[in-house]
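> Sequence:
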Amino acid sequence: MIALEEKITILPTLFVEKRDGRRVVFDVDKIDKALHKAADKVMDVTPLVEKRLNALTERIVTEIHSRFPQGVKIYEIQNIVEHELLEAKEYALAEEYITYRTQRDFERSKSDRYQL
55 MIALEEKITI
65 LPTLFVEKRD
75 GRRVVFDVDK
85 IDKALHKAAD
95 KVMDVTPLVE
105 KRLNALTERI
115 VTEIHSRFPQ
125 GVKIYEIQNI
135 VEHELLEAKE
145 YALAEEYITY
155 RTQRDFERSK
165 SDRYQL
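Residues 55 to 170 (the numbering used here) are what the sequence shown spells out, left to right.
There could be a bad hint or two in this list.
EDC-like, lysine to aspartate or glutamate: derived pairs with alpha carbons at most 16 Å apart [unchecked claim]:
id: 1; residue 1: K87; residue 2: E104
id: 2; residue 1: K91; residue 2: E149
id: 3; residue 1: K84; residue 2: E71
id: 4; residue 1: K105; residue 2: D94
id: 5; residue 1: K127; residue 2: E71
id: 6; residue 1: K95; residue 2: D74
id: 7; residue 1: K91; residue 2: E104
id: 8; residue 1: K127; residue 2: D94
id: 9; residue 1: K105; residue 2: D86
id: 10; residue 1: K72; residue 2: E149
id: 11; residue 1: K95; residue 2: E130
id: 12; residue 1: K87; residue 2: E71
id: 13; residue 1: K91; residue 2: E130
id: 14; residue 1: K72; residue 2: E130
id: 15; residue 1: K87; residue 2: E136
id: 16; residue 1: K84; residue 2: E130
id: 17; residue 1: K127; residue 2: D74
id: 18; residue 1: K127; residue 2: D159
id: 19; residue 1: K127; residue 2: E117
id: 20; residue 1: K84; residue 2: E136
No lab work stands behind these hints: they were computed from the structure.
The model shown is predicted, which means the values in this text are computed figures rather than measured ones.
Can you build the whole structure from these sequences, using the hints too?
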């Protein structure tokens, strides 16, 4: 995993609005884990890949803090992750991340429908 704490702790506390309306403190580890999970499916995670993932996570976190200093919604975080992956030409990683996100959205939608 990554050790970004030194750089990220200097950023102000940011809150994330969950889909159910709850507000929680932004957790960079969730982005890191999502990127690693996608990477594990599409490539060998070598030390070089690890560095690329760290740099991507840093860029994503910086972008989130600069665009949403008052708070951010989950879907906005996901959109920034997708955009940064595509900008970095990490197409296989982006495809895996988007596929997983779409599948989770579908499952969530199906679950919500059955609860009505």
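> Hint by hint, say whether it matches the structure.
Verification of the hints:
1. K87 / E104: Holds, at about 12 Å.
2. K91 / E149: Distance ~12 Å between K91 and E149 Cα, so the pair holds.
3. K84 / E71: Given pair K84, E71 holds - Cα atoms ~14 Å apart, limit 16 Å.
4. K105 / D94: 14 Å, holds
5. K127 / E71: Holds, at about 5 Å.
6. K95 / D74: Between K95 and D74 the Cα gap is close to 29 Å, so the pair fails against 16 Å, i.e. violated.
7. K91 / E104: Between K91 and E104 the Cα gap is close to 12 Å, so the pair holds against 16 Å.
8. K127 / D94: Given pair K127, D94 is violated - Cα atoms ~26 Å apart, limit 16 Å.
9. K105 / D86: 12 Å, holds
10. K72 / E149: 24 Å, violated
11. K95 / E130: The hint is violated at about 24 Å.
12. K87 / E71: 19 Å, violated
13. K91 / E130: Since the Cα atoms of K91 and E130 sit roughly 20 Å apart, the hinted pair is violated (cutoff 16 Å).
14. K72 / E130: 11 Å, holds
15. K87 / E136: 15 Å, holds
16. K84 / E130: 14 Å, holds
17. K127 / D74: Roughly 11 Å separates the two Cα atoms, so the pair holds.
18. K127 / D159: 15 Å, holds
19. K127 / E117: 14 Å, holds
20. K84 / E136: The given pair, whose Cα atoms are some 14 Å apart, holds under the 16 Å limit.
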